[in-house]
Amino acid sequence: MTDNKLEKEQKVVKHLEETFQNLTGKVVRERRVTVAVEKELIPSVLSYAKNQLGYIHFSHMSCVDWIEDEHFELVYILWSPEDKVQLLIKTLINRENPEIDNVDMIWRQANTYEREIREMYGIQFKGLVGREEFILEDWEGMPPMRRDFDTAEYIKEAYFGRPGREDAGNVREEIVKRSGEEIPDFAKKYSRD
Amino acid sequence: MREKATTLYLGPQHPGITGNMMIKLKVEGDTVVKAETHVGYLHRGFEKLMERRNWLQSFTIVCRICVPEPDPNELNYSRAVEEIEGREVPERAQWIRTMMMELSRMATYLLWFGGQNGSAGLYTMPQWSVGDRDYILDLFEELTGGRVYHMYIWPGGVRRDLPEGFTDRVLQTMDYLEKRLKQYDELMFANTVFQKRAQGVGWIDPAKAIEWGVVGPPLRAAGFKSDVRIDDPYLKYDELDFEVPTQTSSDVWGRALVRRAEFEQSISMVRQCIEKMPKGEVYNKIPNPMKWTVPAGDAYVKAESARGEFGYYVVSDGSNKPRRVHVKGPAYVHGVTLLENLLVGANIADVSFIMNSLGTCPPEIER
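Those protein sequence lines, which keep their order, are chains G and H. Taking our numbering, the leading residue of the first sequence gets 1, the next gets one more, and so forth. Taking our numbering, the leading residue of the second sequence gets 1, the next gets one more, and so forth.
Only chain H is shown next, with the shape it has when bound in the complex (with noise of 0.2 Å):
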């Protein structure tokens, strides 16, 4: 006997997300057979303030667009104007950059574990790894002032060098993270209950990943290869050894495991980066930032996050201010047609699961 179709108003509060949207589900029985996202819960529109504010102004609120990992956004927007503006970035500045992108992947990820399980009703994972991200936080808050939003990478370089014995801080963290990695594969990995949730959940059909728009981890999870950091370098990622994690299964299962092994490359390469970085300036200064303008042209930047490649469109028309700032998030494309698509067939106790596996994040999809 064919269910009787009923609509279901899901969130726009879910759990192991961070920020709001709502799915607008059809349902029979408990299956899904139809799924539109709607945004508009959280629009603050960031690209139009900057359009009023000099390019200074517009850097300090780049951070606040994603909550979860605000870092990739400063560095985006930094890089698109010192690209605009031919501006020279310090060497060392440039590693300490690679080594707060590695950092704050990994505070990402530690939330990410959490929210995975979480929305799967398993709450000791959380707990946990919520609790050694702080220990991430901490290093950012000696590092910046901030625990969330750093404000720290900014145009020209980095805004104040490492302070005294903060490289030992970081790699005693590094070291407690690694140990802490093998209970977390006790806890999440070798579960019954998170491997059956798991596994053949949230299927992406491989063949059609790269024309949908896949990015980051559910793109490597389908089998490519595929990364900002080695297929349009930047920073000193070109100069770091490091490997990237591939599974086949596509599914939620085989991202949670590109996301646990690219858990431990970032732990590697934050320990090569101190290894490697060399002495010097942090900061090439810009001119007064009341009367900086950055001359005409425009500058497409990405960079990958840990949810996949991070965009900004940066269009300058010779004055104070930006003309045009304009920034594409993976979710922008994992949360909408993409996730529209996975959850057709899928168990109402499945969305959220599905949902956090593709990393949406709703501040970007509406910034």
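Chain G with its partners taken away, still in its complex shape (with noise of 0.2 Å):
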């Protein structure tokens, strides 16, 4: 019984698995499928599964940053309309120097979702031919949405604080100052010192 529930889902999975090599698949459960795939293979596995297996609606694509095994995993979400099942496909980049090819050509839309990830994440999409800056604006150094981008540290340097208010990094502190209160016990260990 469950089985036939899941026939589509197997019947892509056994489909790519057959066309592709090194390409593992997975039904996670109904309508949604997971395949992983090298990098080299993401513009032919793309392209198949739009032009032979019915993927024709580009979902979305996201990219995960995971520092501590040096690599981003992109992922390539998309629809079909007629077996209503949604495929994820992830590739792993190697995080020195991560270079992946363009699918614009594929689907035009692609090219938004790559000009932020180039833009957040520092990955170069070869061939990707689309105005440079995307939501940033003369953004120089580390791409914002890595893991190792320090969001404390950044928003030091380029913001200041306001005159009169330079207690506002310790506001518990200088409450206690002026009201010569203690800091409740339960309290202590939200503070900053």
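No lab work stands behind these hints, which were simulated from the structure alone. Each statement offered as a hint is correct.
Just some of the chain H residues that point at chain G, by a computed CB distance under 7 Å: (1) D232; (2) G311; (3) V315; (4) T337.
Capping the alpha-carbon separation at 30 Å, the derived lysine-lysine pairs in BS3-like fashion look like this: (5) G/K5 <-> H/K225; (6) G/K90 <-> G/K126; (7) G/K90 <-> G/K50; (8) H/K225 <-> G/K8; (9) H/K26 <-> G/K126; (10) H/K236 <-> G/K11; (11) G/K50 <-> H/K34; (12) H/K196 <-> H/K179; (13) G/K84 <-> G/K8.
Remember, it's a predicted structure, so these values are computed and weren't measured experimentally. Glycine is no exception: its CB is placed at the ideal position from the N, C-alpha and C atoms.
Dock chain one against chain two, each of which comes alone in its own frame, and use the hints as you go.
Shown next as structure tokens:
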């Protein structure tokens, strides 16, 4: 009974595994399939999924920074309006010198996602034509969505406090100093010092 | 004689649009020959903020991602976490969530009715529909304490049960809005100015619509019976009786008719929810939020928002904070690649009119 229910999903995995080498697929649940491929195969797998398997709708494209394993994970999320299955195609790229093929000739809206990921993670998409800047203007230094980007340090450098509000960093201590009260025990663990 | 092209920077403020984005137009006379969307006025870094907050703290900021329609954010975030965790949601909570989603859809459409007419210079409709939207916001306020941001649908269920007599007030509001729709028809759809402005404007090629990433009302106006509530059912939509209205004109007029018809469906769905809602628990309690960890895994969930497919890709590394929460709003495609394409050949006066018909929402483009 359960097997029958996941028939469409298993068929997609089988199709892709038979067509591409080193591709592993998994049925997550009803209407959700995940496959993992090498980054070199991404354009081929995506265009095969679109043209041969009916995954014509490009739902989403995401990037996850796995800094401890030294790679980025790119996730291409496709939808088949006919089978009504969501296909997540994942690939890993090295964090050192990250580069992957551009796929905006398959879906032109991929261009927007790639421009954002280029800007936020510093991943280069080979052959990506598009305006340099998307959200960030004149950004220099580390792309901000990387895990090792120090948000607190950036705030310190980019913004300045309002005159007369120098105590802003230590509000609780300042209140204590002014009123002469002690910080209650339960609040001490939230204290900055 | 060919006119000399000039560059026109339109925005970042637009009539009827919540949020800011700029469109750089190249115009010849008053015809657009090239359009480029420029965002960056509104980037708040929500996705980065969530990497440094625990799972419940992150929940409190997701609703702020889209101002006119915050509820799909709450719902998607909660559903993604529940899916990774395998947490059950009580039956009654699911019905309340469904009702909330439909109320939120109506509130958004009322705001949109106003925006669409406002961008054509017809200012009576915004006065009426924004006023009527407030009746729905009153219900939200009573239920959740907030008019716009509710933080009501949270992981494990909903924050509290319906107050006494609440469903009666919802039903009364539905009766009122149903009556009002007839007046809207006269003011908006029977209005020759609106008809002339909307018909044949902003045409999307139906043959390319799915491939170009068109979703929601614009896709249904191109003739596709495509709706996440049917295609990838969530909550209690598979137990509700409703239709997916479509049109074939694929222009601003068609999109307006689709939204108008969906409004009626939503009224009927809210009534059905109240009728079918069982009694019982509304919240499957999460552990202490400071210590709450979600097992490693990922989930892509999507819901049908008033503008179309609204997706959340959530990744957990097993810790007490999300590894990645990536939001995909329909405007990410509608407001950038699609809009840039549709505007070519349009009149300058139609630019914000077309933008509105696609449901462009800049806050969800840059989050």
